[in-house]
Each structure stands twice: as C-alpha cells, then as structure tokens.
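**Student:** Each chain, written out:
2 protein chains.
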Amino acid sequence: MASTTLPTLSDVAKAASVSSATVSRYFSNPDSVATKTAERIRQAVLETGYTPNRLAGSLASNKSQLVSILIPQLAPSLFIETIEALVSKLSSAGCIVTVGVTEFDAAHNEALIMAALAYRAKAIIVTGEVSDEVRKFIRQSSTTAIEIWDLPEDPIDIAVGFSHWEIGRSLAQFVRSRGYTRPHFVTNPGPRGIKRRNGFLEEWQTGTGCDVTESLMQLPFQPGAARRIFAEIQRLEERPDVVLCGPDWMAQGLIVEAMHFGLRVPEDIAVIGFGNSAVASEMRPTITSVDIDDQRIAETIAEILLNRDRGEEIREKVVNTGFKIIARESA
Amino acid sequence: MASTTLPTLSDVAKAASVSSATVSRYFSNPDSVATKTAERIRQAVLETGYTPNRLAGSLASNKSQLVSILIPQLAPSLFIETIEALVSKLSSAGCIVTVGVTEFDAAHNEALIMAALAYRAKAIIVTGEVSDEVRKFIRQSSTTAIEIWDLPEDPIDIAVGFSHWEIGRSLAQFVRSRGYTRPHFVTNPGPRGIKRRNGFLEEWQTGTGCDVTESLMQLPFQPGAARRIFAEIQRLEERPDVVLCGPDWMAQGLIVEAMHFGLRVPEDIAVIGFGNSAVASEMRPTITSVDIDDQRIAETIAEILLNRDRGEEIREKVVNTGFKIIARESA
Numbered sequence: 004m005a006s007t008t009l010p011t012l013s014d015v016a017k018a019a020s021v022s023s024a025t026v027s028r029y030f031s032n033p034d035s036v037a038t039k040t041a042e043r044i045r046q047a048v049l050e051t052g053y054t055p056n057r058l059a060g061s062l063a064s065n066k067s068q069l070v071s072i073l074i075p076q077l078a079p080s081l082f083i084e085t086i087e088a089l090v091s092k093l094s095s096a097g098c099i100v101t102v103g104v105t106e107f108d109a110a111h112n113e114a115l116i117m118a119a120l121a122y123r124a125k126a127i128i129v130t131g132e133v134s135d136e137v138r139k140f141i142r143q144s145s146t147t148a149i150e151i152w153d154l155p156e157d158p159i160d161i162a163v164g165f166s167h168w169e170i171g172r173s174l175a176q177f178v179r180s181r182g183y184t185r186p187h188f189v190t191n192p193g194p195r196g197i198k199r200r201n202g203f204l205e206e207w208q209t210g211t212g213c214d215v216t217e218s219l220m221q222l223p224f225q226p227g228a229a230r231r232i233f234a235e236i237q238r239l240e241e242r243p244d245v246v247l248c249g250p251d252w253m254a255q256g257l258i259v260e261a262m263h264f265g266l267r268v269p270e271d272i273a274v275i276g277f278g279n280s281a282v283a284s285e286m287r288p289t290i291t292s293v294d295i296d297d298q299r300i301a302e303t304i305a306e307i308l309l310n311r312d313r314g315e316e317i318r319e320k321v322v323n324t325g326f327k328i329i330a331r332e333s334a
Numbered sequence: 004m005a006s007t008t009l010p011t012l013s014d015v016a017k018a019a020s021v022s023s024a025t026v027s028r029y030f031s032n033p034d035s036v037a038t039k040t041a042e043r044i045r046q047a048v049l050e051t052g053y054t055p056n057r058l059a060g061s062l063a064s065n066k067s068q069l070v071s072i073l074i075p076q077l078a079p080s081l082f083i084e085t086i087e088a089l090v091s092k093l094s095s096a097g098c099i100v101t102v103g104v105t106e107f108d109a110a111h112n113e114a115l116i117m118a119a120l121a122y123r124a125k126a127i128i129v130t131g132e133v134s135d136e137v138r139k140f141i142r143q144s145s146t147t148a149i150e151i152w153d154l155p156e157d158p159i160d161i162a163v164g165f166s167h168w169e170i171g172r173s174l175a176q177f178v179r180s181r182g183y184t185r186p187h188f189v190t191n192p193g194p195r196g197i198k199r200r201n202g203f204l205e206e207w208q209t210g211t212g213c214d215v216t217e218s219l220m221q222l223p224f225q226p227g228a229a230r231r232i233f234a235e236i237q238r239l240e241e242r243p244d245v246v247l248c249g250p251d252w253m254a255q256g257l258i259v260e261a262m263h264f265g266l267r268v269p270e271d272i273a274v275i276g277f278g279n280s281a282v283a284s285e286m287r288p289t290i291t292s293v294d295i296d297d298q299r300i301a302e303t304i305a306e307i308l309l310n311r312d313r314g315e316e317i318r319e320k321v322v323n324t325g326f327k328i329i330a331r332e333s334a
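So the sequence lines, in the order shown, correspond to chains A and B.
Position one of the first sequence corresponds to residue 4 (my numbering), numbered consecutively onward.
Position one of the second sequence corresponds to residue 4 (my numbering), numbered consecutively onward.
Worth flagging that the hints you see were computed from the coordinates, not collected in a lab.
A portion of the hints provided could be inaccurate.
Keeping only pairs whose Cα atoms sit at most 30 Å apart, straight-line, the calculated DSSO-like set for lysine-lysine is [to be verified]:
1. Lys17(A) <-> Lys39(A)
2. Lys327(B) <-> Lys198(B)
3. Lys198(B) <-> Lys139(B)
4. Lys198(A) <-> Lys139(A)
5. Lys320(A) <-> Lys198(A)
6. Lys139(B) <-> Lys39(A)
7. Lys327(B) <-> Lys139(A)
8. Lys198(A) <-> Lys327(A)
9. Lys39(B) <-> Lys139(A)
10. Lys17(A) <-> Lys139(B)
11. Lys139(A) <-> Lys320(A)
12. Lys327(A) <-> Lys92(A)
From the derived model, a few chain A residues whose C-beta atoms are all more than 12 Å from chain B [stated by the list, open to error]:
13. Ser27
14. Ala37
15. Glu50
16. Glu87
17. Gly182
18. Pro192
19. Gln208
20. Thr211
21. Gln237
22. Glu285
23. Arg287
24. Ile307
25. Ile317
26. Arg331
Covered by chain B, according to a simulated footprint, are these stretches of chain A (three or more residues, beta-carbon under 8 Å) [as the list claims (entries may be wrong)]:
27. 76 to 83
28. 91 to 99
29. 217 to 229
30. 256 to 269
Idealized CB from N, CA, C, for every residue including glycine.
Start from the sequences, fold in the hints, and give me the full structure.
**Tutor:** Here is the structure:
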C-alpha cells in the first residue's frame, strides 16, 4: 500500500545520495547530470514513488502540465482527427493530456470540468456546451479554457475554430457551381451542425429560389445510420442529385448503399462529406469533403498555452483557423 | 485567479448557512436534504469552488473515483468500442473517467501512468506494454491496475481479456470449414496481433500442411493502408481465396479495393475482419468478423472495482471473457 503523504524531491535526493539541486537539474534536463547519476536518480524516483517533474508540486504552485480535452463521443466522431493532432502536439510539448468523454451529457461534462479544475489542470479544451454557472467557475480559476471548433461571440476564455455558417454557405456555392439542382442536406443536430445547415439553406434559397430536402442524423451517432438515411432518400418523390452528408463516414456509408442499389456516384447521385478524414481520400470514388485544419488548430493552441506560461497577454481571444472544400470524385 | 488553497467542506457549509453534516449528507445523497437547501448548497459549491464529492479529499484518503484508461491511439483503433463501453459503464457508476493516448510510446505511457498514480486514481486500465519498473511502481500503490484485451500469465494486478492465440486458431478452423485453401493473413504487428497470427499459422499448417501468404500492417495505423495491402495481394503469384484482415476497417477497405478492381466478394476473394464493429454489419457485403464482448469486459471491470471498494479480495486475477466468430456475407 502507498503511504498517504506524497514523497518529496528531497526523499529522492536522499535515496539517490545526491543533492536536491542535482535532482532538480535532472528533472529540468536529464542530460545535464552524469549518466550514472541520472540512472541513480531514476531508480530513486521509482523506489520512493516520487511524482515525476511536470506534475510535482502542481497543487502547491497551482500549475500543472495536465491538459484535459472533453469530447462528446470517441468514435465515430467528427472531432477525432483534431483531438489526435492536439494530443500529439501537446504531448510532445511536455503536457500530460487526457481525454474525457461526456457522452452528450451536461452533468457529466460538468463533472469532468470540475475534476480538471480540482487537479489544477493547465488547460481545459472543450467541444461541448458549458452552462453559465460552470463558465463562471472556470473563469474564477487559473486554468486556461479553450473552446474549439467554433467561433463563439463571448468565449469563456479563448476560442479556436471556424465558422460553421460560412461552411454551409460555401458548400451551397460549391454545389451550385457544379450544376447540381436538387441538394439533400443531412443535418447533424448539434449546435454546429445546425449552423452549417442554416448557412447552406440561406445561401441556396437566396441564390436559386429553390428548396432543399433534408434528413436528420441522430446524436450520439447510431449504427446503421447511413442505411437508414439512404432509405429515407430513396423514399423521396424525386431523387436528389447531390447529398451533403455531414461526417465522411456517413458519406462513405451512403456511397456503399447507393452502389449496392445500382446507382453510380457521382453520375446518378453525388455525395459530399465533412471533415476530410482519411476515408475521404481512400474511398472509391474518393469523397469531396470539407477540410478543417487540424494541425493549425493544434499548433495555435500549443502556442497560446506557451504564451500564457510566459505570462504574455493573449490579445486574440477568438482565432479563426478557416476551412477548405476539397473537390474529389464523389461530387 | 484561484486561491492556492483548496476550499473545504466547511467553506461550503458556511456559504450555504448550513452545517457541515448537511453538506456531507447532500454529497452522499442529494435527495436526503430539502430541495431549497440542496439548491443553496449547489450555489455555495459553485461560489466557493469546492471540488465535488467524489474527488474531494482524494489526496487525504488516498482514494478517488478517477479512472484512467490508456490506449495507444484514438482512431482508427481496435480498442475504441471496448473503451466506449467502459467509459459508459464506469461513468454511470459514478467514476470520473479519462482516456490517455500513449501514441505507442513507452515513455509517454509511463508518464500517463505516473500522472494517474500521482492523482491517486482509483484504477488504471492499460492496453499497452508496461515496463518492469513501472509494474513494480504500480504494485506499490493503492491503485487498481487492470490490463485489458489479453490474458497475461503474470498480471500486474488484474487482467480482463481473451486469448489471441485461440482466436487465430479458431479463425484457421473456420476458414478450413468453409473450404478455403489459400488464406492470406494481414498481421497487426503488436504483441496481440502476433499471437493471433501465430495461432492461425500453427493451426493452418498442422491441419492442412499448406502455407499461408502474409502482409504486415504498420502501427500506428496509416492512411492508405488498405490500398497498399490490396496492391500487395494483387502482386502475389496466385491470388488468395480469403484474406484475414485484422480490424474491420481494413476489411472494409479491402472490399472497396476488390470491388473497384472488378472482383466479387466473397466469390473471387473472401474477406474476414476483426472486432465486430458497427461497420461489419453495415458494409455491403456485410463482413464476417470476430466479436469480443465489450459489454462483458466493461461489466467485469465495474464489478471488480466495486468489490475492491467493498474491501473484498479478488480471487480471479485473470478473467477470460471469450470471443465469437460472427459469419456474415463476406466469407
């Protein structure tokens, strides 16, 4: 059983028969001490159970290298590629990154945020809705809060994202420029999905005076979703000539269904995805999709955290990292 | 900015103008106090920044409801469905669950384990390799360690999984019973993937006296993997009649490639996946796959944690949750 008090740096120094300064030096730069000494310190750390460098003293100094990322669902999730880029970038910058899964549950989201604050996380990265009470609570803390994947007017602290309404609008322009006349929009009913849908519908109706047919996805994403939505499309009076699918996996699923029922993609029915995940370039036909710049989001966040560490003021509270429509074979 | 000392239960009691005993009662069972009092306490918790019930006092009591799950990669990952079942089960049991992503990096895996121990996690759930030193370190702690997805001979603490060698063996028997004669095995080069491969090869060669052709996947999973492996298969002197694919997404990718090159699945080339993820029953043709019982793994782990909480001794240190081959259209 572990002891109930945390071992200290001097416990390690004692066990390794070196000075506390040497142990300190080892933690900030292992190469700065002799190899044999380094190995002795490493052994002492393991023997004593001393918490390694970054986390040590986090409660005392109110700082840690812990970063907590909260997402609604693991997979299939639109966020996964952004989160992967973030985990990779922040981990290589020395952060201890953990991912919390909220399951679209507000109370659960709140509990994970409170846990991160209790552990004095350096940063919380959120993708879901945050209640006014919890927003206030986060603002009182010294934890950096970064909302990603949207451009809120009143961010809790900092936001790094892009305009979903603009994505919808650009998709409508793209679809029109390709000569399609009967789009079908598959709406992801989250707040961001609704914005994309509204951007698309407004632009399409203004530009063409025509209507759009629609299907609603379910959250959390359910098995069989693509089959169900394709069946819905098949039941329409007139078949759409292009389907805007939300996530690429939904686009992939619709292509599989379309081909199974003898339709050619894009000749009989075109398909557009969202997220530009690996599957978009791997599917046959390859999938036209919306690319959001995961790397840029990750780099922007790493830079913000670094600047905060240095005590610099963050002037730009809402960072727009943009998006791109990538045209491929499917539309 | 937050104060550097954690607010206490009595801070909350003072702010809510109730006794500490009432606050305590509220945390163990909110319904046991009057609605108005409960609301006052909730407000006081938010005002003071008191850490909610489960985490409170975790450092003092050496216990928390924090569960840390470590996986090598978010998506595409073989583990995702097991992790989702676990997150859901443990969250509804009142745990604060976080997922750490190790990126197949031993040092990073170690840092995440140490962080979980430093935060006095109730449990660490690991899928990757753990060095002897870190094993010793975990054993000295009061944290429950659960290795999942394998049946190690000498578990760190407790293991919940199944036999990958047996899966390989059963797949060989299945393939033979279906009359296939030229299997191609796509090996996932992780320790578990190697065991499945060895089980398959030993059983196949013993049973038939024949050879097996092979491809090696890369870890972490790379975009374009299915295309590359299908191209490898196309270059073989004789085309295999069945391909054992590892993850279902690889099976899906191979089916897409095969159909693109005019081959019929399963008539010209049969395909078998692993993991029985949603895609297996959604693909056209549906994919024959190996089902591992995610729900049973999650329930077993929840029960183990509950029993430890109650102070019961865990007699069964290695729990075999088994597997099933699900025959569908693709083989």
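**Student:** Name the hints, by number, that the structure is in violation of.
**Tutor:** 7, 15, 16, 22, 23
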